[in-house]
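Asker: What follows is each chain in one-letter form.
2 protein chains.
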Amino acid sequence: MNKQTLFVVKIGGNVIDNSHDLAIFLAQFAQIPNPKILVHGGGKIATEFSKQLGIEAVMINGRRVTDEAMLKIVVMVYAGLVNKNIVALLQKANQNAIGLSGADANVIQATRRPVQEIDYGLVGDISPESVNTAFIKTILAQHISPVFSPIAHDAQGQLLNINADTIAACLAKALSRDYAVRLIYGFEKTGVLENPKDDNSVIHRINAQNFETYKQSGVISGGMIPKLENAFDALEAGVGLVQIGDALQLLSLCQNPPASGTTISF
Amino acid sequence: MNKQTLFVVKIGGNVIDNSHDLAIFLAQFAQIPNPKILVHGGGKIATEFSKQLGIEAVMINGRRVTDEAMLKIVVMVYAGLVNKNIVALLQKANQNAIGLSGADANVIQATRRPVQEIDYGLVGDISPESVNTAFIKTILAQHISPVFSPIAHDAQGQLLNINADTIAACLAKALSRDYAVRLIYGFEKTGVLENPKDDNSVIHRINAQNFETYKQSGVISGGMIPKLENAFDALEAGVGLVQIGDALQLLSLCQNPPASGTTISF
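As you go down the protein sequences, you meet chains A and B in turn. Numbering of the first sequence is given in the working numbering, commencing with residue 1 and proceeding in unit increments. Numbering of the second sequence is given in the working numbering, commencing with residue 1001 and proceeding in unit increments.
Hints are computed from structural coordinates only; laboratory data are not their basis.
Derived DEER-like restraints, expressed as beta-carbon distance ranges:
1. THR138/A with GLU1188/B: 35 to 41 Å
2. LYS137/A with GLY1238/B: 29 to 35 Å
3. ASN200/A with LYS1051/B: 49 to 55 Å
4. GLU1048/B with GLN142/A: 35 to 41 Å
5. GLY1054/B with ASN200/A: 45 to 51 Å
Beta carbons are placed, not taken as given, at the ideal position from N, Cα and C, and that holds for glycine.
Chain A on its own, in the form it takes in the complex (with noise of 0.2 Å):
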């Protein structure tokens, strides 16, 4: 039996800090047949409240280190601001809609990271397994969208913060055995883009050749190499297709086959 399409989208911060653009993202999501969920991270909303109540937000190699005052922004804003508008915005756009974290019908458990060369503090980490489908799989049936903000639990009270990209891709690699996971990662550009400079060089379609060939020209380099590294781990674990295009073009990224962006496949 073929396996119904369920599409995980996510979204960063730069869709979510511009209401503007977050109201035509979620237009488009509204639009795009159930079964769907959305991942978003928090944006620079929570970078801006810390600096007005004086915490200075850490980054290292990209994530932030969430002490408990840290922990106490993110969960605030994530779970909070943005999870809740969010939804009020779907529900607006006839979208029923439920906000989640990871401590929400226990959905996502995490382990908190244990501190090797450096502590990032009140972090999870988590896997496939981390994730309770048979709760996600009811509400789908009753066509919610679970929204979920990058914050879950250890069981034991704690709550931690988690890399948005993280909580998309095991979504996805779990949800794989019921459904024909594709997992798109909405951000401000066209796709994996040839040039960076020139909106119109995007790659079509990356598989793990000209992966290899991208990567010894430069033409992909930095921070794009692990998340397409990523992108073929979701692969290999169940996940029919990794795409990667402009968050406010998401419905001709969910067509079929995709009419924009970059779709990483085998």
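Following the hints, put chain B in place on chain A, whose structure we already have.
Answerer: Structure of chain B alone, referenced to chain A:
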């Protein structure tokens, strides 16, 4: 057929503001039989955060006036920080729980309060008809406790601040069609007291008749009068029992018949 008993428990600021008391309360909440619902306010945390951010909290007749800046804070604190912490602590206590605002799964749809003599700002009014009981029943049937923050939405994308007592009463009334509901208001006193200085002077039962007598003699006065009027209102709408008692004695309040606190019935 006898209806199943459903506990709807509301806790206020005094319990939430004290992590030791909150842990005692939640350990007891975890032990009362399913199905059960928890409704919480926000305590002083919202006021403290608003002070730190330089936003003044304005109260009229004991209700918070909610402008846009204050709404952000109550959404962050109530629906984020307090709600997710309670859910994580219940998971630790082996009680599966899910945090909800009214926007989530469209469980409580409010209308913004019309401006009359006082403009309360982004504050909503709700009724039992505002409650999406179908969704709540699917959650309760999975032995998951919904944990409600006092935030709802207007279905037009606007989040609204709601009085937590009102949320608890509306949930209790709406679910009375399907359950034998016991609505329990947990606070810092042992119940409605004949002598406010004597914790042993609890009035064990209040009915319509002795309520009048207590009012006339001045034993019951001030803010307790509307609280009890709301209790009778809930009974008229089908709620089985309304109780007021010490949040830290929840297990004795939940006994049948109640072993502490004040029970309000006809």
